[in-house]
Every structure is written in structure tokens, then in C-alpha cells.
Amino acid sequence: MRAVTWQGRHKISVETVPDPEIVNPRDAIIRVTSTAICGSDLHLYDGYIPGMRAGDIVGHEFMGEVVETGASSTLHRGQRVVVPFTISCGQCFFCEKQQYSACDNSNPSETRDVSELMMGHAMGGAFGYAHLTGGYAGGQAEYVRIPYSDVGPVVIPDGLADDDVLFLSDILPTGWQAAVNADIEPGDTVAVWGCGPVGLFTIQSALLLGAGRVIAIDHFPTRLALAKKYGAEILDYTKVDVREALAEMTGGIGPDACIDCVGMESHGFTVDNILDQVKVKLLSSTERIHALRQAILACRKGGRLSIPGVYGGFADKFPLGQLMEKGLTVKSGQTHVQRYSGELLDMIQAGKFDTVSLISHHASLEDAAEMYRHWHDEQDLYTKIVLKPGLAKGAVSARQEMEHA
Amino acid sequence: MSRSKNDLPDPLILAAAGAGIAVLATGAALWQRRRHRESRGQEETIATDAPHWTLDKTSSRALFGKSVLINRPRAELYAAWMPERFPEFMENVVAVDDLGDDVSQWTIKAPAGREVTLVNRITERVEDTSIYWQSTPASDIANSGEVRFTDAPAGRGTYVSLILAYDPPAGKVGRLAAKLLQREPEVQARRDLHRFKQLMETGEVTTNASPSARGAESPAEPHI
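Residue numbers (the numbering used here), protein chains in the order written: chain A, 1078 to 1482; chain B, 151 to 374.
The following block holds chain A by itself, in its conformation from the complex (with noise of 0.2 Å):
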């Protein structure tokens, strides 16, 4: 089969290896009909996520329709799923607490042991995202092995696009799971900070969470004209002081709760973030935190933190005692699919989200190294990207010529 590969740093090709088998009961394959680029997916292309090793398939949002299935697989062949990014026993400890992504048993005994060390503890199992989780191949391929497949796969029902569920793979119920984590009460001010696609869930379902008004933080046109549209009030950091901004929209108190939607390579021009930028150019960091400082530091006194941009190891300059002294609530975490898939598939239906005009780019899997591109180097013209295995290269289309057509 065709499948995407990471090769080293900014090093992406399409290749062709072998197809995925039937390995364990309660596997399955599915056959790949659509997989985005993830936001997280550029922290691999920039090289900042350690235990990448060449010709590792990467991609972990994805869907498809099943050709294959293990002994114990609930699924049949013919049905269309969406399968979570992370990959959950279903058994275990933390699994039936819910906390799916924290799955004690998806990270295979080859690979947990790095895990540990690094994290404390092993790390749940997630398709195409590095050996320190598991070394699974990903889905921007086209077929995929889905391991417990009784357990994650969200069986999508007859008259849904695939545009329209493709995102509860990971980032509907991340933007989802960082709203919920905010613990929003009815008419609170929530700052989402970064407007890519997990920040631009984030805005809609704070909104449909209760909260009275929600400010969204960003730079670049397209992505904060999204942010308008789903109904934020916006800020460009370049043009004001983003913490003045908040505090005095919010009558100098700061808004209730802050979400963090940016991660570990936050952009600007401000003194923190040049620091930042030379250690992670120097290898002693990979950390640039300024979007959770600003966030910490402009976050009301007993106000709530939500972190689900993605960071990998040790920062400097955290602002802890600030953190203390405001006493903030802060929650974190990969998110927990499986525990969202229903309810934001029912809400999907109900029309209560839009996932669809934030898709700029839908293209063909094998134009795969040349949309990492895009999606690395033009982050206002491409907000989202779908790749099709059924497209032929070279068929592009834009969300413009969607519009028209």
C-alpha cells in the first residue's frame, strides 16, 4: 500500500509498504477514505517530539471503512468508522475511569519502558505519533491495523460526509475535552489562545458550554476570521498587549478561564519567546511556552487553566508562583476520545457544530510532502487539510473553489 513516512526533520515522503495484518483477536482494518494533518503532526515535522525513527507511517485523524476483521472485532466489514487517535484497551484501570488516553495497556512492553523514563509513567498508546507511544503505524496510509477495535472505532451512520464526523478522531473531542476542562460556568469569559483547529473547537463548544462571551487570540487573518464566524471576540497579538487587552474587556479582573490551544511552539516577537527560541535551537529545550505564560499571568485570581496544546518535556521560566499565588485550577492532558465519541457524534447530527469550514485543503495522499509544506509554511491560506488515498495527485482543491462550486 501507498503510505505517508516521516523521514527526519521537514522530511516527509509517500512511499509504498507493506499492508497492515490481522495480528491480534480484537483487531481490525479498516481502508482509509479520509486523514487530516494534525497541528501536532507539524511538532514531528519540526522534529521536537523524540522517539521518531525513519519510515515510521505517521498521521493519527483518520476514518474509513473496515475490509478486515479479528476473531473478537465487534466491527463487520462495509461499515464506516472514525477511530480515536488514541488507542485504549478498554480494561484497564484508567479505561474504565474514562481516562482513555492514559491506557495502562495500548503502549506495548517493546516501548513503554523509554516512556516511563521520560514521563514518569508509560504513556497510553496513539497511532503515527513517535515510539514513545507506542510505535503504531498511522493512518495516513491506506489501510490501517486498528488494535482493540471493539473498543475505539465510532461507527458512523448512513448520510454523514465524511467532512462532517472526520474530526471526531481527535479534534472535535480535544477542542471539546479543553472547553470541559475549564469547568465554564453560564456567562463566563473564556481566552482560548491559538485559532488553528483544535482552538477553533475549542471557541464552539466553550459557546455551547455556557460561556457568555469568548475571546480568541491569533495572528493570522483566515484563522481569526474563523474564530468570528464560530463567535469569538478576537484579538491580534501583533497589533495590542494581549494581557491589557484581556483585562480590560473583562473590567480588570481577567477572564474566568484561559485554554491554552497553541503548545510547545509558540510564535511572537516578545523577550520570553526569543530566549525560548535560542535554547530550542541550541537543543537544551524544546519548550517555547510564551502562549501559557501570557495565559497564566492574564488569567482572572481563582480562575481556571486548560492546557491541551501539546508539549514534550522540561520548560524554563514557568511562572509557578504565579500560578500559586492566583491560586489557579489547571487540567491538561491528551484527550480521553472514547469517553466524547457519542455525545459529539449526536451533537454533530443535531447541527451543533460546524466542522467543516475550517477544511481549506482537501488533496491527494500522495501530495502528502508537499501539504506538510503548506500546512508548516503558510499557516493563513491553510487552516485544515484532508487527504484523500482515492484523489488523484495533483487534485487539489481549495476551500475558495469549494465555495464557488
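If you are wondering where the hints come from, they were derived from the structure by calculation, not from laboratory data. Ideal Cβ positions, reconstructed from N, Cα and C, are used throughout, including at glycine. A portion of the hints provided could be inaccurate.
[As the list claims (entries may be wrong)] To give a feel for the contact side, a few chain A residues facing chain B, derived at Cβ under 8 Å:
#	residue
1	GLY1132
2	GLU1219
3	ARG1222
[Claimed, not checked] Chain A residues, not near chain B, derived (Cβ > 10 Å throughout):
#	residue
4	VAL1100
5	ARG1108
6	ARG1157
7	GLN1168
8	VAL1257
9	LYS1306
10	ILE1351
11	LYS1403
12	GLY1471
13	VAL1473
14	ALA1475
For this one, chain A is given, so just place chain B on it according to the hints.
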């Protein structure tokens, strides 16, 4: 006379002096700490509740112990821990043959494609609680150990602890060689314990077997 700008020390020299002071201070602190530790060497220390296999520094331990939480009832796990099932979850156990009288012979993969044979006798069983074993003189590696099953609180299942002592073959060199090849018994025991957990909780041993663009790998075999 006021100091002119030129009298100010070079910032680099200042920084170097600062670093030197830091090194000296650290050295002095370490020296004092060591003296302090030596002087109280004879003192009684308070008995703590740490499991006995966690005492001593890792490098000077004669014992290896590892515990996992398994979300199954204690009796079920005790019943499943039987030599006939070991090849299902012990990666390097090729075969276990029952020699009768609670003695079993284990064929185990060793470095450089060799195999070693363990001959172990179960010396004690405490129903649903623990199993002890001890190698016989016929064993290639002298070893003894215990697997212990304890109820975990709040209906979480069972803590399973594997406690193991052994004489590495060919002394330290053999152990080092085995470690390099990741067949070191401690690493192996830890991994096997996790495989036991996977098998008991999920009904299968977890594998990341999947394709890659690395020619040498099979999509049906696990990889690191």
C-alpha cells in the same frame, strides 16, 4: 576620586568568578554531606514501610522486584499464573516442561542465539496469595523468587509483585552482554509482567505490529 567606567570589571570575568564560586560552594556542600553521612553510620534508622526489594541502591541490590496493578480478581490471577501458560506472555520462554513433583524445566532464549535451561521447584504455595520457587542444581542459572498477589484498594483489582534473585551466568560479563541484548532477566521480568497484565485485562498481548518503510520490519512482528 570617583570610579571611571573603565574601572568596572569585565562582565565576562564577573560571570566566570560567579561560576567558580558556585562550583566551590557545591563541592563544599557535597563534602559536608558525605562527612555527615559517615559520622552517623552507626545510628539506628527508623523502619519504614517500603517493600523490602526497594531498599538499597539499585546498583547494589541482590533482589529485583516489580509490581503492577491488574484489574482482575486475586483468585483469577493466582490461578492463571501456571507454568503451562508462561509461553503465552513470557517473551523468551520457549517451552515449559513439567518434570513432576512441582519441578519444571524452562527453555529460555539467551543472547547470541543460545538457549539456557532453568530447572525450578515450587517450594511453597499460599492459596490466592503467593507462589515461591527455588532452582535445583540442574539449572543453568541459580535463581529463586516469589510472585505475590495482594488485593488492591477500592475494587481496583490486584497488585501483582514479582520478586526475583539470580546469579547471572558467566558473572558480570554475561550480565552485561545480556543487558546489551535486552535479555537481561530484570528487563525481561518487567516486560513479562506487563504482558501478563495485558493478557489478563484485555485477553491478548499488546503488539505494535504494523507496517513501516523500514525494509527489515514485518507488519506482523512487534518492533521497538
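Broken hints, by number: Those not satisfied are hints 2, 4 and 7.
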